[in-house]
Every structure is written in C-alpha cells, then in structure tokens.
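Asker: Read in numbering that gives the first Met the number 0, the sequence shown has 61 at position 62, and its numbers run on one by one without any break.
Hints are not guaranteed to be accurate.
Have a look at the derived ranges for each label pair, beta carbon to beta carbon [as the list claims (entries may be wrong)]:
| no. | residue 1 | residue 2 | range |
| --- | --- | --- | --- |
| 1 | Lys202 | Arg35 | 36 to 42 Å |
| 2 | Pro201 | Pro269 | 19 to 25 Å |
| 3 | Pro269 | Asp207 | 34 to 40 Å |
| 4 | Ser284 | Pro439 | 38 to 44 Å |
| 5 | Pro439 | Lys135 | 30 to 36 Å |
| 6 | Lys98 | Gln198 | 20 to 26 Å |
| 7 | Glu441 | Pro201 | 53 to 59 Å |
When the alpha-carbon atoms are kept at most 25 Å apart in a straight line, the in silico SDA-like pairs for lysine to any residue are as follows [stated by the list, open to error]:
| no. | residue 1 | residue 2 |
| --- | --- | --- |
| 8 | Lys104 | Asp139 |
| 9 | Lys395 | Glu252 |
| 10 | Lys460 | Asn65 |
Hints in this document: simulated from the structure, not taken from any laboratory. The beta carbon of each residue, even a glycine, is placed where N, CA and C say it ideally should be.
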Amino acid sequence: MKYINEEKIYTQLSGAKSVSTQEIESILAKSVSLKRLELDEVAKLLSVEGQKSTSMLFDAASRVKNEIYGSRVVLFAPLYINNICSNYCAYCAFRADNKTIKRRKLNQEEISEQARVLLKMGHKRVLVVSSEPGGKEDADYYVDSIKTIYSARFNNNYIRRVNINCAPLSIDGFRKLKDAGIGTYQLFQETYHHKTYLQLHPKGPKSDPDNRIEAIERAFAAGIEDIGVGVLYGLYDYRFETLALLTHIACLEQKFGVGPHTISVPRIEPALGTEFFDSSRYKVSDLEFKKLVAIIRLAVPYTGIILSTRESPKMRDELFNLGVSQISAASRTSPGGYAEPGADKDTDSGGQFVLSDNRSLNDMVKLLIEKKSIPSFCAACYRKERTGKAFMSLAKPGNIKGKCSINALVTLKEYLDDFATGDVRSQGYALIDEVSKSLPEEDKKQLIPFLEEVSRGIRDKYV
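Given only the sequences and the hints, what does the whole structure look like? Please build it.
Answerer: Here it is as structure tokens:
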C-alpha cells in the first residue's frame, strides 16, 4: 500500500516493547510542549501498560487538547443520502450483496426535509455521508445535495458548514465539491494493512487500496484544504493501524505542508446482515481505545478528533477528557432516517451500523455544560479562510483557542435562546457567564458585543 512500509512499522512496534517509565515521562513532556513526536516515540506510547503510566498518558492528552482548543466540543450530525452501494466491504451493512436492508437514494426534496429536521433540533453543522455507486462518479449529485442543505431554512436558522464523506473522486470531481462550498472532505482508509484490506474489500471500486489513499492527494490538488482521515478500528491490530495512520499523516505533511483537519476513530460495531463483528480477532477493548485516542491527540495535537454515536454514552463521556474535540449527536445512519417516526432511535432497517448513543442534541448540550465543556456549533474557520496551512499555523502553537472559545460561547447562546429546554438554558447561561469572566480582556471585548447582538435576535456572528 502506498506510503505504508509494513516491515518498518513492525520493527518500530517490536523495538518499543520494553520502555522505562522515565522514557514515557520524557515523551509526554515533549508532547505537552506541543512538539512533534517521532513515530518511534509514538510506538513507545503504544506499549504503555500499568495504571501509573496510563494515567500520565491520559493527563497529557487532556492538557494538550485544552492547550489547543480549550474546553469547547464541536457538535454535528451525519446526514446519509444514499445507501445503494457497489462495494462488498465485509463489515458494512451497505455492501452490495446484503439483501436485508432497505436501499434508498434521497432526492433533493427529501434531503431538504432531512436538513430542516436537523435545523429544528438546533444543528448547524452537517456531515453528508454517501455509499459508493457503480459506474460514473456521483459528484454532481453530491454538489446538488450540498447546495440543497445550505439553502434549507427553519425560521432564522440554516446549516453553516457542510462536510462530506463520499467515495474517491477525480480531481475535477473534487473541484466541484470545492466550488460547492464544502468544509472538510473526509475519507477513511479503513485499514492500512494491505492483506487485510484486500480480504475485506474483495470486489467493487473500493477494492483498490492505492486509489483510496491517493484520493486524499487528488482532493488537495483540487484545492480542498481541509481533509479528514481515519481508521476503522477492529479490522486489524490497533497498534499497527495507529502507527500506519500517523505514517500516512507524516507523508501528507511532508508533501503538502498540511496534515488532516480531522481524524475519526470509529470502532467496529455490529451491522445488519453481517457477522463480521462477532468473528473479528482484532476487537479493541475500552482501555485500548482510550489509549489510542489519547495517543492520537498527543501525536497530532492540532487535529480535530471526531467520535461518533457508535460508542456508548459512558465511553463518549469519558473520551471528552482524553482528546476528543468533535462529536455527533442525535445521529441516524440511514437515508431519510431523521424524518421517520421514532427517529430518536436507530430501529430502521437501512442503517449502516448499530448505534450505541441515542441521546438527543439537547441531552448532549446539557451533559457538556455539566462537565464545564462548551458545546460549540461554530463554523467560522472556513468562512474566515482559516483552512489548510492558515489553520495549521494557528492551531499548532495553540493560538486558535481564543477564537474557538469566543465562537463557541456565541453559538452556545444562540442554541440556548432558540432551542434549549428551561433547565439547560439556565445552566448554559451560567456557564457562559463563568467562562466569559475567565477570558483575557481582549477576548472579552470581542465577545460581549456578540452576546448582546444574539440577545437582540442577530445570528451568525463570529471571529
């Protein structure tokens, strides 16, 4: 597989099996100072065992996340538009030969309806998700869908950022997405282990691992500056996958001068019509999962780490403190799922995988407030042209935090005024007041007028 030297990764992992506490402390001290970790150092962190070293690892990840982004956690919702697929991924309910799910490709009217349902919840950020059709690439359909979502309205509310997770496209196809105003293009390699990749993707356009990994390069070449990558943990050894992911990222940084805007950390879950989950030899335990999230935060401190509703409420709540900075809320994984009766639970037969966290957006906002985290619906950076290298220049040294805090507080007040229930509203106002008082004076001067404008009904102000 392109970029991935498997023998070198195995050597790095093998050489890190016996690491002293002093070495771990030294690596963690380096990461907390926001200095780049070498892959050999990451391999050593992947060998961490024991309560003391693990606790130090978790504490360092929490400190780095707070140093870069502060206490804000971004909220979004996935919007599935198509589950008709030409691939045969062994672990996925959307695979072409699965006869047990309902197939559906939404038209633009249906997509607009889905967007309005999300707006009524209070969402401002959407991740469009589509399966991979056979034949001609579907770039024009994606573009129409993005435009439809941006044009949807509910009262004074509209979606402010549309990201997309879709099949690899040509450079021309990616240019169309860029021109349509997408935020981040997201594509997971799934597994970086070549033999495993071929076994799990036997047929269909996804069966070519290099085409998939090269799609990131084509997106950059098309002018898309914010890219999201990820591994589906549970397909192969998590230590190998994490080091391979970071190897890929290092190559992107060297070639393009920029790394991923986001890294997603999905873990394999049961899916309708496949028994892969039950037979997987590489399931990642809860402790291992927490470790790898913390390690990714330390290894790529500037990135946004995304956690989906695949994970249980308990696990999601714990991972807020270990580096996760973006979460989905009130998710559905089937096309049209938000508009169906009983949409608070993923009980339909068209979903990609089984959801574990069915809490509402209001519930998630309440939880974050109670944890003294700021729920954020911010979509400022790409509209301020803080993308790619410009974003990295602020995020890497920790200079984006002030803007994140201001924008998070403004969007939280918008949500509280427009959508929150009474108790959440009062708790949220108290948090805004508490956090505002702790901001530097210059940030306060920017924030206070924005909050006053929100109180007067003005929306979508940002720095």
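Asker: Need the list of violated hint numbers for this structure, in ascending order.
Answerer: 3 and 5
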